[in-house]
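Q: My request is simple: use the sequences and hints to build the entire structure.
In order, the protein sequences belong to chains A and B.
Counting in the numbering used here, the first sequence runs from 1 upward without gaps.
Counting in the numbering used here, the second sequence runs from 1 upward without gaps.
Do not rely on the hints blindly, as some may be mistaken.
[As the list claims (entries may be wrong)] Restricting the straight-line Cα-Cα distance to at most 20 angstroms, the calculated cross-link-like pairs of lysine to aspartate or glutamate (EDC-like) are:
#	chain 1	residue 1	chain 2	residue 2
1	B	Lys251	A	Asp113
2	A	Lys226	A	Glu290
3	B	Lys251	A	Glu39
4	A	Lys116	B	Glu246
The set of hints was computed from the structure by calculation and includes no laboratory data.
Note that the coordinates shown come from a computational prediction; the quantities given were computed from them, not determined experimentally.
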Amino acid sequence: MGRRDKNNKSIALMLQGFDKVVSVLTNAIETINLTKVFEKKAKISSRGFSRFFRRVKPKKERIMAVDHINVGIKEGELFGVLGPNGAGKTTAIRLLCTLLVPDEGTANVNGFDITKEAEKVRASVGVVTGGERGLYWRLTGRENLLFFAGLYNVPDGVARKRAQELIELVELQDRADDPVEKYSRGMKQRLHIVRGLIHDPPILLLDEPTLGLDPASARVIREFIKEKLQKEQGKTILLTTHYMEEADQLCDRMAIIDYGKIIALGTSKELKERISEVEILNINASNVKEDVKIRLKSLNGVKDATLRILDSTTGEAGIIIHTDNAESVMPSVIQELVKAGVEIRVVEEKKPTLEDVFISLTGRKLRD
Amino acid sequence: MFFSYRISVLVTILWPIPILALNIYQYLGLGPPETLAGVIGKEYGIVSLSGMVIIGTIIYLLYNRLLWGTGASMQSERWMGTIDVLFLTPASRMSILLGNGVSSLIEGSWWICGVFILSWFLFGIGITIVSLPALIITLISTMLALISLGVFFASFFILTRAAEQVAISLQAPIRYFAGVAFPVSALPQFLQFISYILPITYGIQALRKTVLTGATLPNLLGELSLLYLFAGVLLFLGYCMLRIMENKAKKDGSLYQY
Numbered sequence: 001m002g003r004r005d006k007n008n009k010s011i012a013l014m015l016q017g018f019d020k021v022v023s024v025l026t027n028a029i030e031t032i033n034l035t036k037v038f039e040k041k042a043k044i045s046s047r048g049f050s051r052f053f054r055r056v057k058p059k060k061e062r063i064m065a066v067d068h069i070n071v072g073i074k075e076g077e078l079f080g081v082l083g084p085n086g087a088g089k090t091t092a093i094r095l096l097c098t099l100l101v102p103d104e105g106t107a108n109v110n111g112f113d114i115t116k117e118a119e120k121v122r123a124s125v126g127v128v129t130g131g132e133r134g135l136y137w138r139l140t141g142r143e144n145l146l147f148f149a150g151l152y153n154v155p156d157g158v159a160r161k162r163a164q165e166l167i168e169l170v171e172l173q174d175r176a177d178d179p180v181e182k183y184s185r186g187m188k189q190r191l192h193i194v195r196g197l198i199h200d201p202p203i204l205l206l207d208e209p210t211l212g213l214d215p216a217s218a219r220v221i222r223e224f225i226k227e228k229l230q231k232e233q234g235k236t237i238l239l240t241t242h243y244m245e246e247a248d249q250l251c252d253r254m255a256i257i258d259y260g261k262i263i264a265l266g267t268s269k270e271l272k273e274r275i276s277e278v279e280i281l282n283i284n285a286s287n288v289k290e291d292v293k294i295r296l297k298s299l300n301g302v303k304d305a306t307l308r309i310l311d312s313t314t315g316e317a318g319i320i321i322h323t324d325n326a327e328s329v330m331p332s333v334i335q336e337l338v339k340a341g342v343e344i345r346v347v348e349e350k351k352p353t354l355e356d357v358f359i360s361l362t363g364r365k366l367r368d
Numbered sequence: 001m002f003f004s005y006r007i008s009v010l011v012t013i014l015w016p017i018p019i020l021a022l023n024i025y026q027y028l029g030l031g032p033p034e035t036l037a038g039v040i041g042k043e044y045g046i047v048s049l050s051g052m053v054i055i056g057t058i059i060y061l062l063y064n065r066l067l068w069g070t071g072a073s074m075q076s077e078r079w080m081g082t083i084d085v086l087f088l089t090p091a092s093r094m095s096i097l098l099g100n101g102v103s104s105l106i107e108g109s110w111w112i113c114g115v116f117i118l119s120w121f122l123f124g125i126g127i128t129i130v131s132l133p134a135l136i137i138t139l140i141s142t143m144l145a146l147i148s149l150g151v152f153f154a155s156f157f158i159l160t161r162a163a164e165q166v167a168i169s170l171q172a173p174i175r176y177f178a179g180v181a182f183p184v185s186a187l188p189q190f191l192q193f194i195s196y197i198l199p200i201t202y203g204i205q206a207l208r209k210t211v212l213t214g215a216t217l218p219n220l221l222g223e224l225s226l227l228y229l230f231a232g233v234l235l236f237l238g239y240c241m242l243r244i245m246e247n248k249a250k251k252d253g254s255l256y257q258y
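A: And the structure:
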């Protein structure tokens, strides 16, 4: 390598390093090759008593829950992590809030390293896990908030004032002094969210905040997250979800995660444009059998076909065809369906959704 | 809980009575109380049979209450799903455990008094308390040692749900070796060393001396020193184990599994 090449390489490395430093300094959350591996015992193949006599130690299986993730989230951004169950979303959140220790890599949260400055990280984040658990159900909503305020060293007077403000923010003032065991699912979820806010952290990690809620309650929570938390209070928010509509509606940018790896990153528009060369035919039909999927996939011009059985007695199903040219492939698709005895009701060309992006990247539906 | 479910106040005081009755009447089945008291007093220096059993049983039940209140508090946090939100706060783990311990201690204090008074009324105890400060200090020292034991156990409850089964399986042996229903000196010599590595043994002995034989603080120095030694050592070990177990639980992801 000549002297000039060496110099160029050094400059490139310096600029890379400088970039990294700048991104760490400007990003509220920055992950650097963040990795988490879990070990579980593999099944022993032998049966019955022979397994006791073989003296074989079961091997450990390594599961890569989070696989070398590199992501930067800007201050004030609402960043989504979209993926199916078991993709690694919750594990990523647990790593960032120091409930798990990474096996490789690290992350900076609010400028603090998650492995070396764990306590400062914990003071900077509010984590909302949601669900029926995670609250002291014999205490009232207000008592829960004051208890956690105490653990975060929030002074008494400030804690009381803030608890009241947060209770009003989520419209729980009528029930704030009732035991949590009497709350509905939606009320508990709202309490979870304000519990994460009691110490006024700059960063919020929301793990599937609308999971299990009815559509009306979910809408209320989403509006609250977007309008109050992000726009009014300027919080940096990392939100995980497997509801693509939620990611689409709320997130400034998002990462799609599958098997622990980030497979796509960008705004909703950017991600959909990735598959804009893929057109989608949406067909509603009845008398659809399972083998129709294989028949459609074998057609020229069909990139992928998915089947969703809506009613097994009538064979009513939704068929989604991914293709380069919907117009040219439509006749052969219809012909094949007619041959298979399918009764077609509706055929329409559809705009790509995030679910379609996920399907095009993985070949599976988000909820498979 | 006591404000939410008032009936639990009554039940908490009443439920040990059948256990006490069982232990006391097991002895009384062997002969008249005066004869038994004479034998036990001559052999082991204890003058009140029912007093011996009541104090031993109450301290054993207190040990269970403080073990489950402190040590297993981590397990109940895990069941409630609050262990991870607790560990997200800057609050030190020791302060969380000791807080649970202190609340168990406060609950335990009134409960001990209630059960003791009721037992005294039902079964009679030959009380000879000469020094009230000695009694209070002995009681507090015993509770501190038992809380420390709970803190030590807590680290195992963080690591694995199996810790609960281990704690349950230790209940009967501890009851036996601590001399709950009979003096430790009645055990075979080669087994007595086990008794003397249990802090609860010294708590029972010290309280029996204070309540039944009129011992004062100078008479209790041996037992009290050992109780404080246990408290210090177990607290230190508990602190170290807590850090090790928490790190391990964070590495293998078992912290929030219930």
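Q: Work down the list of hints and note, for each, if the structure agrees.
A: Structure-based check of each hint:
no. : hint                : in the structure
1   : B:Lys251 - A:Asp113 : holds (17 angstroms)
2   : A:Lys226 - A:Glu290 : violated (41 angstroms)
3   : B:Lys251 - A:Glu39  : holds (10 angstroms)
4   : A:Lys116 - B:Glu246 : holds (16 angstroms)
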